[in-house]
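*Asks:* All chains, please: the whole structure from these sequences, using the hints.
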Amino acid sequence: MSYEVEQKYRVTGFRQIVERLAKLGATLGEPIEQVDTYYAHPSRDFGETDEAFRLRRIGTMTCMTYKGPRIDANTKTRKEIEIPLAPGTDHHRQCRAMLKALGFRLVAEVRKMRRVASWTDRGFPIEVAVDEVRDVGKFVEIETSRSEEHTSEL
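Position in the sequence shown (from 1) plus 523 gives the number in the numbering used here.
Please note that the accuracy of each hint is not assured.
As the list claims (entries may be wrong) - Cross-link-like lysine-lysine pairs, in silico, DSS-like; alpha carbons within 30 Å at most:
1. K661 <-> K599
2. K635 <-> K590
3. K531 <-> K599
4. K635 <-> K599
5. K602 <-> K661
6. K602 <-> K590
7. K623 <-> K590
8. K623 <-> K599
9. K602 <-> K635
10. K531 <-> K661
11. K546 <-> K599
12. K531 <-> K546
13. K546 <-> K623
14. K531 <-> K602
The set of hints was computed from the structure by calculation and includes no laboratory data.
Keep in mind the model is a prediction, meaning the values are calculated, not measured.
*Replies:* So, in structure tokens, the structure goes:
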């Protein structure tokens, strides 16, 4: 199990971010559309428990993600369990049908165009994403992950 550590920032543009990434030797990849569908649990309120459950679709790839409660007040650090589904739109549709049958309720769909730069620093993955979120705005997200044995370094 790993812990995701992230910070998100609303921005007005990406030019300065791209320039700073270039100075670090990193370049952003091509834009990729991501569609995140968030679900409410049938018997507990994720808003009260500070948890999240989503399906993320990138093209024909889908992954199911659970995010536990935050464990740090300054960053969005939380346990993350992510399971990739078999490729294909049929698997995504079947998973949505199964969640509905189990009583999960779709609460939000977030569509974004994302460009990512990633590298490794001191053995840990670093990812910077620039997102244009439909009907919401522009954001920069900085993310890393740590295994349970490395959480003391957070």
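*Asks:* Does each hint fit the structure? Answer for all of them.
*Replies:* Hints, verified against the model:
| no. | hint | verdict |
| --- | --- | --- |
| 1 | K661 <-> K599 | 18 Å, holds |
| 2 | K635 <-> K590 | 19 Å, holds |
| 3 | K531 <-> K599 | 9 Å, holds |
| 4 | K635 <-> K599 | 20 Å, holds |
| 5 | K602 <-> K661 | 26 Å, holds |
| 6 | K602 <-> K590 | 6 Å, holds |
| 7 | K623 <-> K590 | 19 Å, holds |
| 8 | K623 <-> K599 | 28 Å, holds |
| 9 | K602 <-> K635 | 23 Å, holds |
| 10 | K531 <-> K661 | 10 Å, holds |
| 11 | K546 <-> K599 | 26 Å, holds |
| 12 | K531 <-> K546 | 21 Å, holds |
| 13 | K546 <-> K623 | 47 Å, violated |
| 14 | K531 <-> K602 | 17 Å, holds |
Of the numbered hints listed earlier, the single one contradicted by the structure is hint 13.
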